[in-house]
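Spelled out from the first residue to the last, the chains are:
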Amino acid sequence: MSLSTASEHAGAWRRPGPAVLHYRQWQDDVVLFNEVSGATHLLTPEALVVLQHMDITPTPEAALAVILREHFEVDDATLAHDVAELLEQLSSLNLIEPCLL
Amino acid sequence: MSLVADLGRAELVRRLGGPGLLLRTGPFVSRIQSNIPLVADGIGLMYRDNLIEEPGGFADFQVRLRQSSGLRRWWHPQVRFDHDGREPFAPLPVAQAWPMFEWVMNWCVSNRAHRYLIVHAAVIERNGCAIILPAPPGSGKSTLCAALVCRGWRLLSDELTLIRRSDGMLVPLARPVSLKNASIDVIRAFAPDALLGPSVPGTNKGTIAHMKAPATSVAQVGDVARARHIVFPRYEAGAATTLTPMSKGQLFIRVAENAFNYFVLGPAGFDCLADLVEGADGHEFCYSQLDEAIALFDRLAGVTP
Numbered sequence: 001m002s003l004s005t006a007s008e009h010a011g012a013w014r015r016p017g018p019a020v021l022h023y024r025q026w027q028d029d030v031v032l033f034n035e036v037s038g039a040t041h042l043l044t045p046e047a048l049v050v051l052q053h054m055d056i057t058p059t060p061e062a063a064l065a066v067i068l069r070e071h072f073e074v075d076d077a078t079l080a081h082d083v084a085e086l087l088e089q090l091s092s093l094n095l096i097e098p099c100l101l
Numbered sequence: 001m002s003l004v005a006d007l008g009r010a011e012l013v014r015r016l017g018g019p020g021l022l023l024r025t026g027p028f029v030s031r032i033q034s035n036i037p038l039v040a041d042g043i044g045l046m047y048r049d050n051l052i053e054e055p056g057g058f059a060d061f062q063v064r065l066r067q068s069s070g071l072r073r074w075w076h077p078q079v080r081f082d083h084d085g086r087e088p089f090a091p092l093p094v095a096q097a098w099p100m101f102e103w104v105m106n107w108c109v110s111n112r113a114h115r116y117l118i119v120h121a122a123v124i125e126r127n128g129c130a131i132i133l134p135a136p137p138g139s140g141k142s143t144l145c146a147a148l149v150c151r152g153w154r155l156l157s158d159e160l161t162l163i164r165r166s167d168g169m170l171v172p173l174a175r176p177v178s179l180k181n182a183s184i185d186v187i188r189a190f191a192p193d194a195l196l197g198p199s200v201p202g203t204n205k206g207t208i209a210h211m212k213a214p215a216t217s218v219a220q221v222g223d224v225a226r227a228r229h230i231v232f233p234r235y236e237a238g239a240a241t242t243l244t245p246m247s248k249g250q251l252f253i254r255v256a257e258n259a260f261n262y263f264v265l266g267p268a269g270f271d272c273l274a275d276l277v278e279g280a281d282g283h284e285f286c287y288s289q290l291d292e293a294i295a296l297f298d299r300l301a302g303v304t305p
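One line per chain: the protein sequences are A and B, in this order.
In terms of this note's numbering, the first sequence is residues 1 to 101.
In terms of this note's numbering, the second sequence is residues 1 to 305.
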């Protein structure tokens with residue numbers, strides 16, 4: 001698969017490589033250290049749940065709405081947009097990449 | 001073991017000009033060699049309460065500050081820093097030898113002592129409450145640190161916060177406090193008894209003068225402390241004294257931005273910093289009046305007026 005941006009991509013997503021997730025969470029703040037890039041990011045709990053899920057298995061974009069609904073109070077009216085925005089953010093930080101299932 | 005003050009001027013100059021003075025600062029020993037009188041004067045004054053090791057012993061850092069030779073000895077004389085045969089700094093006018101010595105001592109720690117997480121920050125302690133003051137130049141960090149130290153707070157460091165990675169404790173490195181420009185007269189007026197060295201104009205940071213670390217702070221070299229607060233100070237003329245809480249996430253990112261070797265340490269640095277943030281409250285602090293600032297810090301430390 002060729003590289004694509006999150007907005008163009010409608011397939012599945014995964015965590016790149018075997019890097020371990022180093023993170024700490026304090027209420028609504030999550031700080032995460034990317035072992036590969038050496039960068040540190042300030043994220044949301046929603047982002048962490050998505051990353052943890054992708055750490056276990058590649059995840060179709062459509063499944064992320066279900067996962068987020070299980071963990072958080074979500075607004076169904078904006079959920080699809082929120083998921084797309086979250087994937088855009090995580091992709092731009094090189095924390096996730098598109099893949100084939 | 002003896003102190004710098006025990007040596008006498010002649011022996012201090014002999015060691016600096018010969019085998020080297022083994023100066024203990026916090027957990028480090030530096031072998032210092034220099035033929036520049038300003039360096040001997042500065043060490044004799046600013047480090048007189050520091051321990052020295054016997055010549056020939058082990059040193060963590062090798063510091064050589066030499067006056068240029070040849071024509072440069074007479075025409076615009078310069079000071080050169082030699083670290084294990086390399087010269088990481090450009091030469092400076094010899095009149096700036098003392099500030100250069102202090103910058104070199106900071107450089108050695110921040111570039112070599114990776115068994116600590118090192119943050120560009122002052123640390124002071126009172127009543128068992130250690131407070132870290134990270135801040136960029138111009139924020140009033142050193143002025144506030146000097147004022148607190150002159151009002152009974154223990155100085156752990158003005159410039160380099162050493163966080164021991166094994167247990168997160170703050171390791172003292174009490175060395176002179178670097179004051180710049182207007183801060184020099186502010187502290188002279190605020191604490192007339194404070195021992196300040198000569199003002200050195202024309203450095204790339206403006207005019208510099210150092211305030212000697214109190215003897216009691218230097219003597220407590222082995223007394224580690226735990227950080228209770230991390231305060232980002234900002235001096236603003238005429239501003240009210242305000243303390244604004246920060247979220248843990250914001251605090252983590254801001255401290256990481258001020259760390260010298262966070263990126264060198266990788267996941268170990270992340271864990272160390274996360275533990276530090278876990279155990280400390282973060283605040284933004286704005287002030288214009290030193291007395292009000294000190295009263296607020298005393299309250300943080302549980303000191304009753």
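The hints are simulated quantities; they were obtained by calculation from the structure and are not laboratory data.
These figures come from a predicted structure and were not determined experimentally.
All C-beta atoms, glycine included, are put in the ideal place defined by N, C-alpha and C.
Be a bit skeptical, because a hint or two may be false.
Calculated from the model, a selection of chain B residues having no Cβ within reach of chain A, i.e. all distances over 10 Å [to be verified]:
(1) A10
(2) S69
(3) P267
Partial chain B-side listing against chain A, Cβ under 7 Å, derived [what the hints assert, rightly or not]:
(4) W103
(5) K248
(6) A256
(7) F270
Results for each hint:
1. Annotated as non-interface, B:A10 keeps its C-beta farther than 10 Å from every C-beta of chain A; the closest such distance is 51 Å.
2. Under the 10 Å C-beta cut-off, the non-interface status given to B:S69 relative to chain A holds; the minimum distance is some 42 Å.
3. Not every CB of chain A lies more than 10 Å from the CB of B:P267, the least distance being 5 Å, so the non-interface label is violated.
4. For the restraint placing B:W103 at the interface with chain A, the shortest Cβ-Cβ distance is roughly 27 Å, beyond the 7 Å limit, so the hint is violated.
5. At its closest, the beta carbon of B:K248 sits 4 Å from a beta carbon of chain A; the interface hint therefore holds under the 7 Å criterion.
6. Hint status for B:A256 relative to chain A: holds, with the closest Cβ pair at about 6 Å, below 7 Å.
7. With 7 Å as the threshold, the beta carbon of B:F270 comes within range of chain A, its nearest partner Cβ sitting at about 4 Å, so the hint holds.
Hint violations for this structure: numbers 3, 4, all remaining hints satisfied.
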